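There are 2 protein chains.
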Amino acid sequence: MNIVLLEPKDTAQAEWRIHSARQLSHLHKQLNIQVDDTLKVGIRNGKRYLTRIVAIEEQEIRVTPIQQEACPAKLPVTLIVAMPRPKVLRRLIMDSVTLGVERICLTHSYRVDKSYWQTPFLQQLDDYITLGLEQAGDTIVPDIQLYKRFKPFVEDVLPSLIAPLRPAFVAHPYAETAMPHAIEHPCSIIIGPEGGFIPYEVDLLIKNGCQAYHLGSRILRTETAVSYLLGRLFV
Amino acid sequence: MNIVLLEPKDTAQAEWRIHSARQLSHLHKQLNIQVDDTLKVGIRNGKRYLTRIVAIEEQEIRVTPIQQEACPAKLPVTLIVAMPRPKVLRRLIMDSVTLGVERICLTHSYRVDKSYWQTPFLQQLDDYITLGLEQAGDTIVPDIQLYKRFKPFVEDVLPSLIAPLRPAFVAHPYAETAMPHAIEHPCSIIIGPEGGFIPYEVDLLIKNGCQAYHLGSRILRTETAVSYLLGRLFV
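Each protein sequence line maps, in turn, to chains A and B. Using this note's numbering, read the first sequence as starting at 3 and increasing by one per residue. Using this note's numbering, read the second sequence as starting at 3 and increasing by one per residue.
In case anyone wonders, no lab produced these hints; they're calculated from the structure. Remember, it's a predicted structure, so these values are computed and weren't measured experimentally. Here a beta-carbon is modelled for each residue, glycine too, at the ideal position from N, C-alpha and C. A hint or two may mislead.
Derived DEER-like restraints, expressed as beta-carbon distance ranges [claimed, not checked]:
| hint | chain 1 | residue 1 | chain 2 | residue 2 | range |
| --- | --- | --- | --- | --- | --- |
| 1 | A | HIS187 | B | ILE58 | 23 to 31 Å |
| 2 | B | GLU71 | A | LYS116 | 30 to 38 Å |
| 3 | A | ALA23 | B | GLY197 | 39 to 47 Å |
| 4 | A | ALA180 | B | TYR176 | 28 to 36 Å |
Take the sequences, apply the hints, and build the full model.
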């Protein structure tokens with residue numbers, strides 16, 4: 003946690019209130035904070051500030067802003083990823099948010115177990131986003147959308163994300179050409195499930211305007227592929 | 003698991019033996035394998051083969067090789083990383099091995115809790131390596147070394163890893179220049195602990211031949227930084 007992210011309502015008074023158990027625990031145990039220490043605080047979907055700690059009580063810590071700070075820019079990328087196993091979902095969302103992905107679309111795919119859509123973890127996406135933002139020092143919540151049917155997503159939604167200077171790249175182990183690197187325009191990146199997209203799905207993606215590229219001869223886990231690919235595409 | 007990695011002794015007979023509980027469980031539950039199916043099998047520190055399943059018994063599965071397959075090449079990189087928290091260690095080693103890192107050095111650093119060196123997880127590095135190799139389809143075990151003292155490592159070991167066409171890059175948030183990308187030579191990359199290297203450590207690294215570069219204004223978790231950085235450096 004490199005900033006503390008607060009809801010706007012907690013910053014409505016002159017003294018801002020930090021009162022979530024998770025944040026209080028981190029500030030006490032990891033940072034051992036004291037009155038008059040400075041602390042980086044962000045307002046969800048708002049600005050980021052350097053603040054000073056003015057009061058430490060059992061149930062809350064209060065801070066006052068000293069000066070505004072710059073938020074890191076987002077990457078101009080839409081990440082489209084086949085719904086992962088529940089235990090991977092948390093890390094995938096956190097890391098994508100930390101890395102600055104602007105929009106995330108979770109989609110169904112033939113090799114996605116239907117039970118994944120029932121996971122209670124999907125109710126906790128906001129928490130995972132907060133963790134990712136606090137790690138990155140960012141305040142702006144990315145847009146996350148769920149598409150439980152693959153074909154309607156690819157045929158009706160995906161084409162609207164594609165333009166001449168906004169291509170969509172599918173990471174596909176059997177493509178003949180290597181993924182581009184150091185691009186200087188926005189894009190969408192599409193990552194399949196464990197076991198990969200089936201040929202029908204790859205064909206449908208290409209028919210609807212996507213370009214398939216390989217990422218080398220090593221098969222990466224979904225969450226590893228996301229960071230690896232973002233490091234490669236945006237320099 | 004994209005190949006099954008076997009010990010050389012299990013491939014000494016005409017029929018090779020798969021008998022680890024983890025591998026058997028995966029082959030039955032995830033792949034639902036049957037006699038006469040083909041299966042990718044690697045021999046630890048040896049070659050990789052397409053095999054045929056010839057017998058399925060309760061305690062073992064036996065295969066015979068059909069033809070040799072290519073192993074993916076390693077990345078010409080030494081990853082030097084401050085010893086992470088135990089629960090991060092597993093993923094860090096797995097992902098680094100999957101991505102093809104040739105050598106990994108775990109070092110101490112001021113902000114590394116001394117208790118991290120006592121974790122029983124350090125006895126399981128071989129298991130994490132196996133998981134990383136099986137994910138990548140690789141068979142060659144990377145070299146992993148532990149350095150429990152930072153200064154002797156930086157002064158006595160690190161200089162021997164550096165050469166004109168084999169630089170060492172420190173990922174440092176406060177460096178003025180951005181990390182290079184798409185390099186065409188070997189290198190070492192150095193990643194600090196949670197909270198970063200202290201100024202004394204960064205100075206010592208630079209004094210001993212390292213170059214410090216930033217990775218943008220977002221602060222990444224160690225394991226995210228590794229995949230992101232490898233994607234950026236090697237294309």
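Satisfaction of the hinted span 23 to 31 Å by the C-beta atoms belonging to HIS187 of chain A and ILE58 of chain B: violated (52 Å)
Pairwise beta carbon distance, ALA180 of chain A to TYR176 of chain B, judged against the given window 28 to 36 Å: holds (33 Å)
GLU71 of chain B paired with LYS116 of chain A, Cβ distance criterion 30 to 38 Å: holds (33 Å)
ALA23 of chain A versus GLY197 of chain B beta-carbon gap, inside 39 to 47 Å or not: Distance hint for ALA23 of chain A, GLY197 of chain B is violated at roughly 22 Å.
In the structure shown, a violation is registered for the earlier hints numbered 1, 3, in ascending order.
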